[in-house]
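**Student:** Spelled out from the first residue to the last, the chains are:
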Amino acid sequence: MKVHVDSEKCQGHNRCYALAPGLFKVDEFGYATERNDGVVPENMRDKARLAVENCPERAISIVEDDASA
Amino acid sequence: MAEPVKDWTTDYDIFDPAYKRDPFPIWDEIREECPIAHTERWGGSFMPTRYEDLFNIARNIQTYSSRNVLVADFEPSAYGEDPEGVPAEVQTASQTAGGAPPITADPPVHTWARKLLLPPFSATQVARYEPETRELCAELIAGFIANGRADGAADYAQQIPPRVIASMLGIPKDKAETFTGWVRGFLELGLTDPEMRQSSAISIFSYMNEVIQERKQNLREGDLPSYLLTSQVDGEPVPEAHVLGTCFLLMVAGIDTTWSSIGSAIWHLAQHPADRARLIAEPELIDSAVEELLRAYSPVTMARYVAEETEYAGCPMHEGDKVLMNFPAANRDPRVFENPDQVIIDREKNPHIAFGVGIHRCAGSNLARMEMKVAIQEWLKHIPEFRLEAPDEVTWAGGQVRGPRKMALVWGS
Ligand code: HEM
Ligand code: SF4
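Protein chains in written order, with the working numbering: chain A, 12 to 80; chain B, -17 to 395.
Quick caveat, the hints were computed from the structure, so don't treat them as lab data.
Check the hints yourself; a few may be wrong.
What the hints assert, rightly or not - The calculated DSS-like cross-link candidates involving lysine-lysine, where the alpha carbons are at most 30 Å apart (straight line), are:
| # | chain 1 | residue 1 | chain 2 | residue 2 |
| --- | --- | --- | --- | --- |
| 1 | B | K331 | A | K36 |
| 2 | A | K13 | B | K331 |
| 3 | A | K20 | B | K97 |
| 4 | B | K355 | A | K36 |
| 5 | B | K363 | B | K331 |
| 6 | B | K(-12) | B | K2 |
| 7 | A | K36 | A | K58 |
| 8 | B | K155 | B | K97 |
Claimed, not checked - Beyond 10 Å from chain A on every Cβ pair, some chain B residues (computed):
| # | residue |
| --- | --- |
| 9 | L100 |
| 10 | F103 |
| 11 | E196 |
| 12 | V339 |
| 13 | N348 |
| 14 | E371 |
| 15 | A372 |
None of these values were measured; they are calculated from a predicted model.
For each residue, glycine too, the CB sits at the ideal point set by N, CA and C.
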């Protein structure tokens, strides 16, 4: 599984970073990007889904990885 | 006195006493019957109440301009038509800078005005003010805990944001009381009283102007006016009128809003012993509790100015019409939130838009969250058991910023 932040949509609500600092980082303006090319470790999948569900800008997407699903 | 409202979908009044006290059933009615309500009152406006509509309208900045974000304000300038006695710099600030950027600006001005403001309000920067906020909350509580009673709005919630923003602006905290008066005069009482609104705006602009003139002589490390005065945009210093407009906005946007949220949070906890107990037993829930309280008791409703002929969901809108951005109603939309009227402090799915959505997302949201978190933690630490003395006697401010204004709390014996 991978996460991706669409930087056109992100408005820096900081919700993803607060919920999953292991998956996202924010710059000095508060805009988020994914860490580690967006790769989501097995034990952080729930966190990734939580980030998607809480982003008010709908800026985060998840790509499921078929091989390991 | 205004006529009582008979039909909320065609004649709403955000200053109606029933709306101020308990807007939730009114929003439910509008949301299900006619989701974009309309009124002729206060100059006329439309009011979307469904989450999806708020989301769409907030993101369409072409059609829905932010040049005027207050619904009952008929003048783009804060001064009305007679700026006599207002210092020239102050007049320029309100006119050329478009009032209070970035909230009253559209791109392109909005883009750089906002970019300028975001770094000092990032979560990391704001965390520097957490220890002093904690100290302030503890001090306030120490001042009344032995009495076994206090007004949770006036003696606590209202005291916190003005002092924190004063600290960020580098101005004496003993001015806080004065600011509170001005900000209420502008944003609360002044919304329906143009004269009070104007004189309050002039007081804030004039005071901030003095601060800025003084800082130009003696820059200081780390305060916001100095930061803005020494910042550059495209290689040029930020125009002074812009600095003034932004400082004005910080004072106005940071005080009433946050104190309303803190007040509503305390009001909720006073009536929900189970939530108090849980927050004490599971302190790690504080972050999701803050988001949930922001959702359920969102204080802020901003307006938009329709900049071109349009039609939204069958409602024809004309240039100059106002749209009241009812973020609070969107946050209770059952299409998005399960059991929206229930406060669930560990709610998992909570994409609330209490801080707006789109390019105007509250620049102070990290600060507001920090203040709420600390205010709740300190209260529960010192006063874990408390209740409303007389639930029916709590008074609420409504209109564009909603929160309790008189709220007697009792504890102990
Ligand atoms: C719980 C407290 C607060 C709430 C609910 C709140 C809510 C909002 C909302 C809904 C907006 C968007 C307005 C729009 O779309 O037109 C906004 C914008 C803004 N707020 Fe807040 N606010 C709060 C606290 C603060 C604080 C503490 C500050 C700073 C001191 C602040 C500064 C701003 C600024 C500068 C903007 C304009 C951003 C822009 O236009 O780009 N707010 N706020
Ligand atoms: S929650 Fe969404 S808008 Fe907020 S920082 Fe993360 S990606 Fe950006």
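**Student:** For every hint, state whether the structure bears it out.
**Tutor:** Against the structure, the hints:
1. B:K331 - A:K36: 21 Å, holds
2. A:K13 - B:K331: The given pair, whose Cα atoms are some 20 Å apart, holds under the 30 Å limit.
3. A:K20 - B:K97: 16 Å, holds
4. B:K355 - A:K36: 22 Å, holds
5. B:K363 - B:K331: Answer holds: B:K363 to B:K331 is near 28 Å, not above 30 Å.
6. B:K(-12) - B:K2: 16 Å, holds
7. A:K36 - A:K58: Cα-Cα ~14 Å, so holds.
8. B:K155 - B:K97: Within the cut-off at roughly 27 Å; holds.
9. L100: 4 Å, violated
10. F103: 8 Å, violated
11. E196: Non-interface label stands for B:E196: nearest chain A Cβ at 28 Å, farther than 10 Å.
12. V339: Violated, since 5 Å does not exceed 10 Å.
13. N348: 6 Å, violated
14. E371: Holds, because the least Cβ-Cβ distance between B:E371 and chain A comes to about 35 Å, which exceeds 10 Å.
15. A372: With a cut-off of 10 Å, B:A372 remains clear of chain A, as the shortest Cβ separation is near 37 Å.
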